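Colleague: Residues per chain are reported as follows:
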Amino acid sequence: MATSAIIFYTIAGVMIIFSLLAVTSRRILRAAVYLLFALAGTAALYFMIDYQFLAAVQLIVYAGGIVVLIIFSILLTTHINEKLEKPAPGKVFITAVLTLGGFVLTVYTLSQHNFIVSDLPQTEATVSHIGEKLLGYGEGGYVLPFEVISILLLAAMIGAIVIAKRKASDS
Amino acid sequence: MMEHVPISHVLIVTSAMFFIGAYGFLTRRNLVTMLIGVELMLNAVNINFVIFDRYLFPNQIEGHFFALFIIAIAAAEAAVAIAIFINLYRNIRSINVEEVDKMKY
Amino acid sequence: MILIALIVIPVLTALAVMFARDARQTKNLSAVGMSVQLTLSFYLLYLFLKERASGNTEPVLFGKRFEWYPGLNINFDIGVDGISVAMILLTSIVIFTGIFASWEVKDQFKEFFASLIILATGVFGFFISLDLFVMFLFFELAVIPMYLLIGIWGSGKKEYSAMKLTLMLMAGSALLVVGILGIYFHSDVNGTHSFNILELTNQNFSIEMQRIFFPITFIGFGVIGALFPFHTWSPDGHSSAPTAVSMLHAGVLMKLGGYGCLKVAIALMPEAAHELSWIFLILTSISVIYGALGVIAQSDLKYINAYSSVSHCGLVLFAILMLNKTASNGAVLQMISHGLMTALFFGLIGMLYSRTHTRIVHEMGGLMKVLPFLSVCYVIAGLASLGLPGLSGFVAEMTIFVGAFQHPDMFHRVITIVAISSIVVTAVYILRVVGSLLMGPIKKEEYQHLEPAKWHEKLATVTLIIAIVIIGIAPLWLSDMIMESLGAILD
Amino acid sequence: MSYVVLIIALPFAAFLINGLLNRKLPHRLAGWLATGAIGVATALAWFTAFTYFFQSTSFEKIIPFQVTWLRFTETLQIDMGILLDPISVMMLVVITTVSFMVFLYSLGYMHGEKGFVRYYAFLSLFSFSMLGLVVATNLFQLYMFWELVGVSSYLLIGYYYDKPEAVAAAKKAFIITRFADFGFLVGILLLSYYTDTFDFAAITNPNHSAFTTMTGSSFLGISVLTWALMLIFMGGAGKSAMFPLHIWLPDAMEGPTPVSALIHAATMVVAGVFLVARMFPVFSFHAPEALDAVAFIGAFTLLFAAIIACTQTDIKRILAFSTMSQIGYMMLALGVSGYGEHGLGFTASMFHLFTHAFFKALLFLGAGSIIHAIHSNDIREMGNLRRHQPVTHIVFLIACLAIAGIPPFAGFFSKDEILAATLNSSLVYFAIAAFTAGLTAFYMFRLYFLVFWNRETVYEHKPHESSFIMLVPMIVSAVGSAVAGFIPFGKFVSSDSQPLHIEMNQTVANLSIVVAATGILIAWAFYKNESPLPEKIASTLKGLYRIAQKKFYIDELYLFITKKIIFNLISKPIAWFDRQVIDAFMDFTATATNKVSAEIKGLQSGQLQHYAYIFLSGVVLIVLIMIFNYA
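Residue numbers (the numbering used here), protein chains in the order written: chain A, 1 to 171; chain B, 1 to 105; chain C, 1 to 491; chain D, 1 to 631.
Don't take each hint at face value.
[To be verified] If you want a taste of the chain C side facing chain D, the calculated C-beta under 8 Å gives, among others: (1) M168; (2) M170; (3) T232; (4) Y290; (5) Q298; (6) V370; (7) V395; (8) Q406; (9) D409; (10) L431; (11) L476; (12) M481.
For the record, the hints were derived by calculation from the structure and aren't laboratory data. Predicted model only: the values in this text are computed from it and were never measured. No residue lacks a Cβ here, since even glycine has one placed at the ideal position from N, Cα and C.
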C-alpha cells in the first residue's frame, strides 16, 4: 500500500468519523468543533492533491469563517452546558434507513459507472494563474460570475445585517 | 500523489459525508446543528467537484472555480442563515425547528 | 398610432400615480390622464367617422400588427370597427367620471387610483385587440384588479364578495380559454393556426366543432355578462364594491361579455349559434324577467341596481342571440346606454351613501328636498332606465325589440314579447325607489342638513347625463356607425 | 307651412330654459316666459288652422317637416316629422288653447309656490310632448311622445312630492299607463312586422297589401290584424282611463288643479281617442271586431264612471269620473262609426273631444278657483259659494249646462251627434248613452247645487273671488263652451277628410234635452237646499251605493294582484331562489373546494424536516425507479 493511499484513507477516516460525531454529538459546541475537524480534513485532502490555494481558502473561509460564525450563533442562542435532547429512536431509525438507502444507491451507481481517468499532466494551479482566470474577461475568463458572486456576498451581508438588526422599538 | 487511490473510493467517502450531513439535517432539531448538517453536505459536493477536476480533467482548472464559488456562496448562506436564527431566537426565544411553522399559511 | 396611445396613456397615468406625492397630486394626475384619454377617444371617433365618410369600407380601421410570439402565431393585432369605437367612448366616459366619483377615497389612494386605471387599461386593450389571445390577456388584466379593488376598498362583506366575484369570473375565463384554444386549434390559415379574429371569420368551422365550442365560448363570456344562472356574483360584487368600481364594473366590464359573445362566439361560429340560440334565448329571457322581478323584493339600493343590471344585460345577450343586425345593433346601443346609466346610478348611490350612511331605501325618504341636484340626477337615471324617449335607454330598448320582433320565427317573437314585458316591471321598481327614496316626507331628523353636491360630483353626474341625453336625442350617427360594422360580423 | 315646427319648439325651449335654470330664474320671469311661449304657439296654431281649413279646398295630408331619427333596417325607420291633417290641426288648436288658458291661470293659482319654475318647466314639457304626439307622422314617433306625455303627467301629479298620496298617485298613473303601453308597443311591433313601416301614410291606407296577410293569418281564432289593433287600443285605453285601466285617473287628482284641467281632462286623456281616430281607417275596414271592442269598452266605461261619479264627495274626483264617462262617449262614438258617408260617429267623437276640452277644462279651472278659495276638496265642506264667488259661479254653471247637454251650449251639439250615431248602430248603446246623459246632468248639478247653493257653511277664512289672472282664462273658456257647438264640425273633420253633411236628428235632440232636464231637476230637488232625501235613497240602495262609492272595488283588486300576488308570490320567491338555490350552489362549490383544501392542507405541516424527508424519499425513489428501468 502506497503512502499516499495510507494518507488518503487516514484523512477519509478522520473526515467520516468527525462528520458522524458532528451530527450525533449532543453537546452543540462540540458538534461545531467536530465540524471544524471534518472541514479541516477536507482541506488536508486538497493539500494532498496539490490544490494549495483551494485548501487555503477552505481553511480560511470554512474553518475560519463559517465555523466561527456558527460558534458565535451557538453562544448567542444556547447555553453552553445544555445538552441537546436525544432524537426520538423512531426518527433516528427512519432517517438512518433513508440515508443509508441513499448512500447504498449512490455507491451502487458509482460502481456501475466507469470513470475514464485522464492521463494528461496536471496544470499548475498557482495563485497567479487562478487570479488571472478569475478576473479574465477573455476566453474562459470568470469575471462575470466573480462579479455576480461579489454582489451576492454584498447582498448577503446587507441582508444579514438588516435581518439581525434590532428594531428600533425592540431596544 | 493520488495515483494509488481510485476515484470511486474518494467518491464513496464524499457520498458518505453527504448522507451523514443529510442525516444530521433530518434528525437534529436545533437549527444551528441542522446548519452544520447542511455545511457537511455542501462540503461533500465541493470535494466532488475538485476530485472530478483532478482525476478527469487535470489539464483544466475549472473545478477550482466551482469549488471557490460554492465556498463563497456557502459563506453567504451561513451568514444569512445565522442572522435569521438570531432574529428568530430574539422573537420566539427558541431556535427549535419544530416551533417554526408559522409560514405554512 | 392612436390606438396604441389609448393603452399607453392609462398605463403611464397609473405609473405616474404611483409616484405621486399626496392625495391631491394623485387625483389631479388621474383626472388629467383620463381627460386626455377622453379627448383621445373623441378624436378617435372623429378620425373614424372621417375615414368612413371618405369611403373607406375596410371592416377594421387603423389596424396594426406587431409580431409577438411567432411560434404560436400570436400577434399583437389591433384595430377598431364601429362597435369598438363606441365601446371605447363609453369606457373613457365612465372611467373619467369614475375618477371624479372616487374623489374622496382616503385609504391607500395611490393604489386605488392605479388599480382603477389599470382595470380601465385592460378594458381599452380588450376593445382594440383583434387577436383572441391578446384579447383574453386584456380581459384578465381587467378582471384581476377587481379583486383587489373590492377586497380592499369595498364595504360590507367585501372579502366574500370579492372572492365570489373573482372565482366566478375566473371560472368563466377558464371556459373561455378552452373556447379560444378550441377555435385556435381548429383553424387553418395558410397552414398554421391563428388567433386573429379577421382571419378566423373566414374559416368555415365544422358544425360538430361549433356545437362544442360555441356554448363554451358563449357561457365563458356570458358569465361576465351576468347570464342566468351565472349572475349571482353581480349583486354581491356590486354592493360591496366602492363607488367607482361599481360604476366601472357594471358600466363597462359587464359589457365585455356582450362584446365578446357578439364578436367571438357568434361571429366565428354562426351555424351553431343559429342551431343553439334557443337555449340561450330562454336563459337570457329568464335573466331579463327574473332580474326585473327580483329587484322588487330588494331594499338595498345597490342590490336594486345590480339586479336591474342583470335584467338589462340579459337584454343585451338576448338581442345578440336574435342574430340579426337590428337586434345586435340594439344590443350594442343597450351596452352603451346601460353602461352610462348604471354608472350614473352607482355614482349617485355612492354619493347618497356618503351622506346618509345607509343604502336601505325605506330608511331614507324625501331626499329631493335636501339634495335637489343629486335627486334630480337620480330621477333622470331612473327615467333613462325605464326607457323614456329622449334618453338613451329608449333608443337601445326599442332597437332591440324591433329587431327581435323582425325574426321570422314564432318562438322568437313570443319570447320577445316576454322580454318586452320587462319594461313594465322596470317602471314599477324604478318608481318605487324614486318614490320612497326621493319623495315623500323626510324620515330622519339628521337628513335635514345634508351636504349639497360638490363640484366633482356634479362634474361626474353631468357628464354622464349629457352623454345619455345626446344618445337619446340624436342616436342616428351612433346607430349607423354600429350597424355598418355589424354587416361584417353577421352577414 | 314650416312655421308649424315653432308650435312644438317653443314649449320645448321654455322647458329647457326653465328646467336648466331652475333656481336661478325669478318666478315671475319663468312663468311669463313659458306662458308667452305657449301664447305664441297658440296664435300660430290658430293661424295654421285658419290657413289649413279656409285657404285650401281639400284637406290633404301635409308633411311640412321630416327628418330621419333612427334607422332600424333599410326600410324600417323612425322619422321625426309633422303631419297636418284635419284631426291633428284640430288637436293643435285644442291643446295650445287649453294649455294657454291653464298657463295663464296657473300664474295666479300657483303664485308663491316653492317649485313654481319647476312647475312651468314640467307644464311646458307636457305641452311639447302632447303637441309632438298629435302631429306625429308615424306610429313610433307617436309612441315616443306618448311616453313623454306619460312622464310629464307623472312629474306633474307628483308635483307635491312630499305628500305621500301624490307620490303614490303619480306612481300608479305611470305604472298603469306603462302596462297599457306594453300592449301598445307589442301592437306596433306586430303591425310593423307585417307592413314593414311605421308611417301613418302607409299604415292607415286600407289598401295596403300587408293587411290581407294579417287578416288572413290568425292567432287563437282572431286575426293578427285585430290582435294588433286591440293591443294598440289597449295603449289608448290606458291613457284614456278606460275600464279596467282607469284606476289611476281619480288618484291623479292629487296633482295641482290646473294640471288636472290640462292633462287629466282636456288633452292627455283624450290621446287614446286620438289614437283610435288616427288608426280609424284600418279599424274600420279590416278589423270591425276591434272596433266593436272599442265601442263596448267605451259604453261600459261611460255608464260605470257616471254611476261612481254620483256617489263621490271630492270635487275633483267627481270631475275625474265625469271625464272618464265623457271619454267613454267619444270611444263609443268611434266604435259605432262607419267610414266615409257613414262616418257620423267619427265626426261626433272628434266634435265631442273638441267641446269637451273646453267645458271640462273650464270645470277644473272653476274647481281650482273654489279650492283655492276654501282650501278643501270636499264638497260637504262647501255650500252657498255663489255669494262669495259670483264669477266662478256663472262660468261653472255654463260649464255644467254644457256638459249636461242643454242647448245652446257646446256639449249639447256634440253629444247629440253621438247619440244619433249610436242610434244608427245599436239600440242598447243608444239606451246606455241616453241614460248616462241624464245621469251626467244629475251628478253635475248635484255638484253644482252642493257647492254653490245648499246650506251656508262656516268657513275658516272668508272665501274670496279669485284674482283677475285666474278669471280671464275661465271667462274665455266659458265663452268657448258656450259657442263652440255652432261650429259646423262635419265640414272640417271626418273619417275620410271629405266634408260630411250632418243634419240634426230632431227626435234624438228632443229626447236628450228631456233626459238632461230630468237629471237637472232631480238634482235640484235633492240638493238645492239641505234635504234628507239623498241620505234616504243612499240607505235604501245601501249595498249598491257602497259599492259604487268604493269605485266597485277595482282598486282593491289591483292592489291584491300587485301586492299579494306579484310581490309575495313572484318577487319574494325569486329573491329566495337567488339566495338559497343559485347562490347556495355557487357557495357550495366554493365551500366544497375549501373543505377539500383544508383536508389536504394537513400535508403542509410547516415542519421543515417533514418536507426534507419527503424530498429525500422522493429523490431516492426516483433514482431507484431510474436504476431499475435502465438496468
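Colleague: Each hint should be assessed against the structure and marked as holding or not.
Modeller: These are the hints, each one checked on the structure:
1. M168: holds, 7 Å
2. M170: violated, 12 Å
3. T232: Nearest chain D Cβ about 5 Å off; hint holds.
4. Y290: Since the shortest Cβ distance to chain D is 6 Å, the answer is holds.
5. Q298: Holds, because the Cβ-Cβ distance from Q298 of chain C to chain D comes to roughly 7 Å (cut-off 8 Å).
6. V370: Violated, about 11 Å.
7. V395: With Cβ-Cβ at 6 Å, under 8 Å, it holds.
8. Q406: Holds, about 7 Å.
9. D409: Constraint on D409 of chain C not satisfied, violated at 12 Å.
10. L431: Nearest chain D Cβ about 4 Å off; hint holds.
11. L476: holds, 6 Å
12. M481: violated, 12 Å
In summary, the numbered hints that this structure violates are 2, 6, 9, 12.
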